[in-house]
Every structure is written in structure tokens, then in C-alpha cells.
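**Student:** Here's the letter readout for the chains.
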Amino acid sequence: MLILDTLLIGLSSGAIYALMALALVLVWRSTRVVNFAQAGQAILSTYIGFEAMNRTHNYWVSIPFAIIAGAAIAAFVDAVIMRALSKRSHKGSVSEIAPVIATLGLLGLIRSLTGIIWGNAYVQYASPLSGKGYSIGHHTIPFSPQNTLIVIGALLVMASFAIVFKYTNLGLALRASSFQPEISRLAGIRVDRIRTIGWAFSGAAGAVAGALVTPTSYLSPNSLDLLLVSGFVAAVIGGLDSLIGAVLGGLILGIGFAFILQYVGTSVTFSAAFIILIVVLFLRPRGILGSQIGRRDA
Amino acid sequence: MSGLVLTDFSVSHGAIAAVKNLSFSVEKGQLAAIIGSNGAGKTTLLRALSGLIPATHGNATWNGHSILGRKPEDLVRAGIVHVSEGKSVIPELNVKENLALGGIWRKDRADVAAATEEVCNLFPRLRERLNQSADTLSGGERQMLAIGRALIARPQLLLLDEPSLGLAPLIIEQIFDAISQLRHRLGLTVVLVEQNAMSALKIADIGIIINVGSLVTSGPSTKLLADANLRAAYLGY
Chain A
9 MLILDTLLIG LSSGAIYALM ALALVLVWRS TRVVNFAQAG QAILSTYIGF
59 EAMNRTHNYW VSIPFAIIAG AAIAAFVDAV IMRALSKRSH KGSVSEIAPV
109 IATLGLLGLI RSLTGIIWGN AYVQYASPLS GKGYSIGHHT IPFSPQNTLI
159 VIGALLVMAS FAIVFKYTNL GLALRASSFQ PEISRLAGIR VDRIRTIGWA
209 FSGAAGAVAG ALVTPTSYLS PNSLDLLLVS GFVAAVIGGL DSLIGAVLGG
259 LILGIGFAFI LQYVGTSVTF SAAFIILIVV LFLRPRGILG SQIGRRDA
Chain B
13 MSGLVLTDFS VSHGAIAAVK NLSFSVEKGQ LAAIIGSNGA GKTTLLRALS
63 GLIPATHGNA TWNGHSILGR KPEDLVRAGI VHVSEGKSVI PELNVKENLA
113 LGGIWRKDRA DVAAATEEVC NLFPRLRERL NQSADTLSGG ERQMLAIGRA
163 LIARPQLLLL DEPSLGLAPL IIEQIFDAIS QLRHRLGLTV VLVEQNAMSA
213 LKIADIGIII NVGSLVTSGP STKLLADANL RAAYLGY
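One line per chain: the protein sequences are A and B, in this order. Per our numbering, the very first residue in the first sequence carries number 9; after that it's consecutive. Per our numbering, the very first residue in the second sequence carries number 13; after that it's consecutive.
If we strip away everything but chain B, and leave its shape as in the complex, we get (with noise of 0.2 Å):
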């Protein structure tokens, strides 16, 4: 089957069960929002669907091939490409240098060069920043220069953690826009992991939502917006 499916999948820290017995499936060019709260086992899981740590049971595949076992730096090149909790930039180089670590792994340098174009397109703070250094950044555009790097590595499945932490109301919007955008333009598909349930499950096509490691539901996103219990137990509004 195309796109990511996981089947009973577990993950542990030690001997706590940080995800247990998870089952779901994103189609490709689905937007998939993985809702829960502080703790649920959303990092812990995209975590391990990008090899950074080990899965304890079951199993994960993209396009019908397993990615269990693989190495973060071999997904990246099968096209699984995730942006970390955190604003994940390197502070200590400078924007043009972040950005350009995201392809510099690629042969196909002409295409890395139309990629970053394409990213300062997009993101036209990035350009008018290239030359100053990663630390100088709002919250905002390190979130846009994390986004932008793993852009460049032409990405079929693109894993985002929480890019709206920590964030101003007007500048999520902002992101969650592009997020948006770019998955209708290029055809990605997107797991995106949030604690901020509405607007995350507002440019989503279905909604995942886990509590303590395990699957409370999954849906529709539209359906789970309109669920009252839902919307009062998990979605916190």
C-alpha cells in the first residue's frame, strides 16, 4: 500500500512504554495531525519513524517498504525527511549554511540550487537573512529555516514536530499557512505532531489523536473537530 502505514507499533524508553501498540495509516499526499498532550508520545514516535531511536514491536512502512532499522541519514535520501522539536536549527552557522545542509547530501546540484530558490520564494525573510547567523532569528523564521532545509531535500514524507511551539498566535498562523501550501504544491504527504489540536486539525485531512502512548482516535479531521466529547477531553477548547 502507498503512503505510511504502522501496524502495532511500539517504542520504549527503558522499560517504559512511550508508544504502545500504535496502528494507523496515512495516505500519500494526506496531511495526517497527530493530536495529544504533553507527554502523549508524539515525539517519542516520530522519533522513531525517522531512526533516531529504535521501535520495540510491530512495524512502520512507506510505499510498502519497511523503514525499521534504517539510519535518519538513509531515510533522508529515501525521501522521509523529519524537522525536530524545537526549532531545529544549527545557531553557531549562518542561514544560508542551515539551508544548505539540507542538500548537501545531493548530487544533483542544479536542482539543490532551483530547491533553495524555491525556499527563499516561500520564505522571503530567509532571503533577506541568508548571511546572518541561525541565532539571530525569531522563533518564527528558525521554525521557516527548519521547514525551508528540509525542503531542499525534495521530501515525500515530510515529519513535522511541533512547529508552532513557543510560537506567537499571528506567526502560527503564518506556518501553518505554508505548511499548507506546500503540501497542495508539491504533492507531500505530512505527519504533524501538535499540542495546539485546532490549528493543526484545520489544514488537516485526518487527525490521530493519542493519550499516554496509545490510540484514542482517529478520523476525519472534519469529524473530530465536530466531536463534543472530543473536542472536551483531548482538544482542550
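Okay, chain A solo, but in the shape it has when bound (with noise of 0.2 Å):
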């Protein structure tokens, strides 16, 4: 039963973490872009969120507008602020980091816009779903209702994405300007707008990870943070190149996470993400599903 419940713990985090390398994989795919404001743009859609929740007192409406002011803010960046600054910096040695640079700038800055506009308290984002476990007799497991709807939701969107991804010419786009811009333009594929449309598919991503993990604990301009850190790992677990990789990724980190808690101690917390990062490096260097053919320069 113990390792039942371990495993549902992680995969209710896992489908966290998967949603959230999502978001950091298809930036990085488009624009070799680490996004660090990610999980600034996750917070502000998630106040956003917040915020039509106060006003319609529904959780359920209050998600469809988090989600597409996650996927506005990400086009907005990558539209208004990435795009002029790969223009500007063509050439020399800052040109490469300071896309990255910039993105943790911004995230510095949404955290206190939104300090600014929602106060630094910690409040609640709830849902009508129990945070309770469900209970089997007389055992209790940790998987409550709203993890369900976590892991029902983190699967909509990943169906969703798998399907534009794989069956649409929006989806075919999206996977040529990535993997090659220069012949996708000589095609006739606006890459810089299909750019936008992939920066705006991220921040949805990150919306939804926001807008169903925090009714399981509390809302704060950087209770979004470790979540970041998380994603990330998750995204480097599995290649960092592919979206089946960062689902992955994230299940391999959220259970592993889980064993670590339940079976070593809650003290290698933090470092636990760090450990199963670099278990799954020694094994398998490229990260689970990274790419074998060799990319372009840029």
C-alpha cells in the first residue's frame, strides 16, 4: 500500500512538472531560449486567474482565463521583447546569453509587479474540489479530487498539443521552424509568427499548471518558484528537445521525488531534484528522448 500511495503522490507532482517542462521545452525548441520568466508568466496568469475568481466566485471559469492570459503574456514576450532583441544582437559573445539574461530580468519583474498589484501575502486560490484523499475503507490515500483533476488536466493538454503537433499544418509548422527556420522561411512558413504561436502554447501550459497546483497550497508572487526549478529538471531529464520527453521527465521526477520523500527523509528535499538529475545524466547524457541529429548553429 505505501508504495501505491508513493506513487500516486508522484504522479499527481509529476503531471506538475510535466506541464511546466512543457512550457520551458517548446520555448527552448522555437527560440534556444532558457525561460527563467516562466515561472513569472505562470504567477501572473495565475493571479489573473485569482482575480476572476474573486469576481465570479467559479473556479472553473476562472481557469479559461488564466490560461489565455498565460498564453497572451508568453506572445506577448517573445513578440514585443524576444524578437527585438535577437534583431538588435546579432553578433558577438553577448548575443547568445542575453535572450536569457533578459528572461531573468523579467522574472524579477513580474514578481513585483504582481507584489505590487495583489501584495505580497499569501492567499487562496481555491477550488471546490477536496484537497482530502480519497478514503478506501478505513486507509486514506493522498490523491484527493483536485489531484485528479491535476492529472485529468495535465493529460487534456498534452492530448491537445499531441494533436496540433502531430495532425495539423499549424503543428507542422511549429515542428519545422524549430527544427530548421532557414528552409521553413524558404517554404513560405512565417516563422517569427509561428514562433509567437509556440511562446503562447508554453504559457498556456504554464497557466494550467498554475491555475490547478495552487489550490493544494497557497498563492504568492513566488510560490511558483520551485516549480521552475522542477520543470526545468524535468525538461533536462528528457532532452530538453522533446515534448514526449518533458512529460516523461517530469513523471520520472515527480515519482522519483516521491520515493526519496516517503523512503529517505524530507531533509534532501530540495536536493533530491538535483539527485535524480544527475543519476539520469550519468545514464543516459543526451537526457531521455534528446535529439541524435545534429541542429542548427543558432
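From the structure, some residues in chain A lie toward chain B, with a derived Cβ separation under 10 Å:
id, residue
1, F187
2, I191
3, G196
One-sided and incomplete, this derived list gives chain A residues near chain B with beta-carbon spacing under 10 Å:
id, residue
4, N177
5, L180
6, A181
7, R183
8, E190
9, R193
10, I197
11, R198
No wet-lab data here; the hints were simulated from the structure. Virtual Cβ for every residue (Gly too), placed ideally from N, Cα, C.
Assemble the dimeric complex from its two separately framed chains, guided by the hints.
**Tutor:** Below you can see the structure in the form of C-alpha cells.
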């Protein structure tokens, strides 16, 4: 029973890590930027969901608000900030790292912005679903209705991404632009626009993560920061390039985390993510599904 | 004037002029072979014509309209399609997806389907491999795929960068045959950049020989092939 309980804990947190990893991978694939602002974008969209909840008193209505806000914020970050930055810093040693540093700056900026608007105190963004585990006979399992929602929500996001990427022209354009931007432009794809759409998908995935996980704890301007670390570790475990890898990485990390906490102890909470990362990278230096085909230089 | 006209066309990489004051014209429906050794500026010229890099001086017009300062994705919509050097396919996608890319922006879906069918008839090996990853194709098949993708855009002006690069002589012959057939059948204007001077001039109407970015000479390809001095100096046989 204990093993099963631990698996369930891992499944729910793994689903959230997977969403965050998906968000990071979508941006990395298309722009080669490690988007530290992702945690900020997700916190802002979650506060917008929180605001919608306060006005409508309906958690279910607030989720689409958060998702649309997350997509719009990400599209804005790419179209206004990233695009201008990459056009201005074509050459020189700073050009590679400048966008990454910019995302760090943006993370700080969004955090203080949310602090100014909503205050720094912990607030509740509550779901109507119970956070208490289901009971089977006398045993209460560590898996609640809200955890069920988290897993179903994450599955829905993954399934819709899979359908869009595999079966639509938009998905084909997204894949082609991230693999070979120059050939894609020569084929007639407006790569800049397609990239912005990729960012919007990323923002939406992060927003779903924020809106689903926040009811299990509390909301504050930096309540999703640890999630950024976990999402990043999950993305790297999955190979950083692969959407399926991101999902697998999230699950491995979530379940691995749960077992370490259960059988090793809570004192290693923070280092556990890195221990898992190092073990996986030792076994598979490219990540689980990292690409083997040489990619473009830029 | 109809066709492609270059006037004092220059392109620089930083301080280095890669293409210098090049002037020539290719009439509509003609096949022009641009011949020159490695580093002659051929690839740079094509990249500037398709909008991938900016020209630094001069002008280029297609059917009387300037094509300078326009993005590659807009030029594709205007009928100017560039098949870049090195079998430009996307190895992570399968053959069908690579072909689909060529018509992804087009509204006329029925014609995209018809064009795809024509390409599969022209290159039956692609039809056999539609669901295979482009990564598994041979060099010749990749070149067919790259040209096939370009055709699905229904181009008027096709810019081909070294389609013979790295291919066996027999395959080169097949590819050049296909190019020759296509342009007659579809009335295409073709600019073919090649190091393989002999094969290119054989199917071309006119030849343009460039060396370190400058025009050496241009004229009907039969005349260039007959010129003993040129043959020795630039055509390499």
C-alpha cells in the first residue's frame, strides 16, 4: 500500500512538473532560450485566474481566464521583447546569453509587479474540489479530487498538444520552424509568427500548471519558483528538445521525488531533484529523448 | 522587362564584398547556369536574391518589380522559390511532411494536392517513401525531395543551389534531366548555381561565369562550351 501511495503522490506532482517542462521545452525548441520568466508568467496568469475567481466566485470559469492570460503574456514576451532582442544582438559574445538574462530580469519584474498589484501576502485560490485524499475502507490514500483534476488537466493539455503537433498544418509549421528555421522560411512559413504561437502554447501550459496546483497550497508572487526548478530539471531529463521527453521527465522526477521523500527523508527535499538529474544524465547524457540529429548552430 | 534583371548587384559579408557589381538578365522561361568555383559568391548571390541576406548595392527585379528588401516567405508567395544548398530537407520530418511544407501557406488546397501528385509522378521514389523519415533518404532522393517541395509552391522562378553537390554522376544526370523536363513543361525560369559546369551548361540556355564575386563573362551556353580559353580557365575540363 505504501508503494502505491507513494506512486500516486508522484503522479500528481509529476503531472505538474510535466506541464512546466512542456512550457520550457516549447520555448527552448523554437527560440533556444531557457525561459526563466516562465515562473513569472505562470504566477501572473495564476493571479489573473485568482482575480477572475474573486469576481465570478467560480473556479471553473477562472481557469480559462488564466489560460488565455498565460498565452497572451507569453505571446507578448516573445513578439515584443524576445524578437526585438534577437534582432538587435546578432553578433558578439553577448548575443547568445542576452535573451536568457532578459528572461531572468523579466522574472524579477513580473514578481514585483504582482506584489505591487496583489500584495506579497499568501492568499488562497481555492478549488471547489476537496484536497483531502479518497478513502478506501479505513485507509485514506494521498490522492484527492484536486489531484485527479491535476492529472486529468495535464493529460488534456498533453493530448491537445499531441493532436495539434501531429495532425495539423500549424503543428507541422511549429515543428519545421523549430528544427530548421531557414528552410522553413524558404518554404514560405512566417517563422516569427509561428514562434510567437509556440510561446503562446508554452504560456498556456504554464498557466494550466499554475491554476491547477495553486489550490493545493497558497498563492504568492514567488509560490511557483520551486516549480520552475523542477520543471527545468524534468525538461533536461527528457532531453530538452522533446515534448514526450518533457512529459516522461516530469513523471520520473515526480515519482522519484515522492520515493526519496518517503524512504530517505524530508531533509533532502531540495537536493533530491538534482540527485535524480545527475543520475539520469550519467546514464543517458543526452537526456531520455534528446535529439541525436545535429541541429542548427544558432 | 519580364524575367530576372540584376543591375550592379552587390552583397557584402561585413567588410568583405562577396558579390561585386553583378549585372545580368535571365528572360522568362530561360534556364541560366551560374558557374564558378568554390567561394566565387554563387551561394551568396542566391541567398540575397531570395531575401535571406540583404544586398548592399544595386537592384534586382522580377518581371519589373524590385525584389530587394523583401522577406523570403513573401517572395515565395510571389513565385520565387529558393532550394538552398546541401539537399535542403528537414531530416526530423517524414517525406510526406517535407512535401506538405511546400504548400503549407497556400489557400488552394485542391491544387496543393494536385501538385503533390505531380511531384510523386515525377519522382516515383518519393511516393514509395512518403512515410519514411527524410533522414533515411539517399543524397539523390533528398535533392528530389527538396526540388519537389519547391514545386508544390507553384514557382515561376526557381533558384537552385548546387543540386549536384555530393551526388554520384548517374544521379546527377537524373536530377538534371528532371530539371530540364520540368522547366519546359511548366514554363519555369530557372537560375541554377553550379560548380559542375559541364552538366549545368548542357541543359542551360545561358551561362554566367563568375569569379571572386565578379562577372567574368556571360552568353549562350553553347558558345561558352565552345570557347577553349574559358574551358581551360573556368570550366575545368
